[in-house]
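Visitor: Take the sequence shown: its letters are residues 2 to 127, numbered as in our numbering.
In short, the hints are calculated from the structure, not lab data.
Since this is a predicted model, take the numbers as computed values, not measurements.
Careful: at least some of the hints might be erroneous.
[As the list claims (entries may be wrong)] DEER-style ranges, computed between Cβ atoms:
hint: 1; residue 1: Glu104; residue 2: Arg40; range: 20 to 30 Å
hint: 2; residue 1: Glu123; residue 2: Glu86; range: 11 to 21 Å
hint: 3; residue 1: Gly75; residue 2: Ser108; range: 12 to 22 Å
hint: 4; residue 1: Gln14; residue 2: Ala105; range: 32 to 42 Å
hint: 5; residue 1: Ser108; residue 2: Gly80; range: 19 to 29 Å
hint: 6; residue 1: Asp126; residue 2: Glu73; range: 20 to 30 Å
hint: 7; residue 1: Asn9; residue 2: Ala105; range: 36 to 46 Å
hint: 8; residue 1: Glu86; residue 2: Arg16; range: 29 to 39 Å
hint: 9; residue 1: Gln10; residue 2: Pro58; range: 20 to 30 Å
hint: 10; residue 1: Glu86; residue 2: Asp126; range: 26 to 36 Å
hint: 11; residue 1: Glu73; residue 2: Gln13; range: 17 to 27 Å
[What the hints assert, rightly or not] Derived DSS-like pairs: lysine-lysine, alpha-carbon spacing no greater than 27 Å straight-line:
hint: 12; residue 1: Lys74; residue 2: Lys61
hint: 13; residue 1: Lys117; residue 2: Lys20
hint: 14; residue 1: Lys117; residue 2: Lys69
hint: 15; residue 1: Lys20; residue 2: Lys74
hint: 16; residue 1: Lys74; residue 2: Lys30
hint: 17; residue 1: Lys69; residue 2: Lys30
hint: 18; residue 1: Lys29; residue 2: Lys61
hint: 19; residue 1: Lys117; residue 2: Lys74
hint: 20; residue 1: Lys30; residue 2: Lys117
hint: 21; residue 1: Lys20; residue 2: Lys30
hint: 22; residue 1: Lys20; residue 2: Lys61
hint: 23; residue 1: Lys61; residue 2: Lys30
hint: 24; residue 1: Lys74; residue 2: Lys29
Virtual Cβ for every residue (Gly too), placed ideally from N, Cα, C.
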Amino acid sequence: MPEETAPNQETQQLRDELKTVFEVVEDKKGENIRILDVRGQSSITDFIILVSALSEPHAKAIKLSLDKEISEKGIAVIGNDNTAESGWLVLDAFNFMVHIQTEAMRSLYALEELWKDGIEVELSDI
2 MPEETAPNQE TQQLRDELKT VFEVVEDKKG ENIRILDVRG QSSITDFIIL VSALSEPHAK
62 AIKLSLDKEI SEKGIAVIGN DNTAESGWLV LDAFNFMVHI QTEAMRSLYA LEELWKDGIE
122 VELSDI
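Modelling step: build the complete structure from the supplied sequences, incorporating the hints.
Guide: What follows is the structure, given as structure tokens:
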């Protein structure tokens, strides 16, 4: 019986983590937030969260708030890029990766195109 409940608990935990990320990013006025389900397409993560920032300082503010909330919630992070000068910040929490990009970087690298086969997760689903 515990084997049946473990996946449900893991699924709920992941949903809670995605919701936390979304709420922090939205609260800091991140724009064009998209959550893509890339399970079965990516060997490194299950979900990719894409966020646009108005500027490098805005990206850094989003990332700092996200880092603080993730730490407070005890969400394990396996990779963290805090170099705001690049216009692209990344947080890797294994099951999901958050990409915070200035609009110029988002247009240049077009991650939506790279992961175009990903299934967009509706915010109401989390």
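Visitor: Take the hints in turn and mark each one as holding or not.
Guide: Taking the hints in turn, this is what the structure says about them:
Evaluation of the 20 to 30 Å hint for Glu104 and Arg40 yields a pass: the beta carbon distance comes to about 28 Å. At roughly 34 Å, the beta-carbon separation of Glu123 and Glu86 lies outside the given 11 to 21 Å, and the hint is violated. Remark: the range hint 12 to 22 Å for Gly75 to Ser108 is contradicted by a beta-carbon distance near 35 Å. Checked against the hint of 32 to 42 Å, the C-beta distance between Gln14 and Ala105 comes to roughly 35 Å, which is consistent with it.
In this structure the hint that Ser108 and Gly80 lie 19 to 29 Å apart at CB holds, the actual value being about 24 Å. A hinted range of 20 to 30 Å for the beta carbons of Asp126 and Glu73 is consistent with their spacing of about 24 Å. Distance hint check: the CB atoms of Asn9 and Ala105 are about 41 Å apart, consistent with the given range 36 to 46 Å. A C-beta distance of roughly 34 Å is found between Glu86 and Arg16, which places it inside the suggested range of 29 to 39 Å.
A C-beta distance of roughly 39 Å is found between Gln10 and Pro58, which places it outside the suggested range of 20 to 30 Å. Here the CB-CB span from Glu86 to Asp126 is close to 35 Å, well matched to the stated 26 to 36 Å. The hinted window of 17 to 27 Å between Glu73 and Gln13 holds, with their beta carbons roughly 19 Å apart. With a C-alpha separation of about 20 Å, the suggested pair Lys74 and Lys61 falls inside the 27 Å cut-off, and the hint holds.
Between Lys117 and Lys20, the direct Cα distance comes to roughly 22 Å. Compliance with the 27 Å bound is thereby established for this hinted pair. Taking the CA atoms of Lys117 and Lys69, the gap is about 30 Å. The hint is violated against a cut of 27 Å. At most 27 Å may separate the alpha-carbon atoms for a hinted pair to count; Lys20 and Lys74 meet this at roughly 12 Å. Taken as a hint, the Lys74 and Lys30 pair is honoured in the structure, with Cα atoms around 21 Å apart against an allowance of 27 Å.
At roughly 16 Å between alpha-carbon atoms, Lys69 and Lys30 fall within 27 Å of each other, so this suggested pair holds. Using a Cα cut-off of 27 Å, the hinted pair Lys29 and Lys61 holds, with the two alpha carbons roughly 10 Å apart. Between Lys117 and Lys74, the direct Cα distance comes to roughly 31 Å. Violation of the 27 Å bound is thereby established for this hinted pair. Straight-line distance between C-alpha atoms of Lys30 and Lys117 comes to about 25 Å, which keeps the hinted pair within the 27 Å bound.
A distance of roughly 15 Å separates the Cα atoms of Lys20 and Lys30; the hinted pair therefore holds under the 27 Å criterion. With a C-alpha separation of about 20 Å, the suggested pair Lys20 and Lys61 falls inside the 27 Å cut-off, and the hint holds. With a CA separation close to 12 Å, the supplied pair Lys61 and Lys30 stays within the 27 Å bound. Restraint check: the Cα-Cα separation between Lys74 and Lys29 comes to about 18 Å, which is no more than 27 Å; the hinted pair holds.
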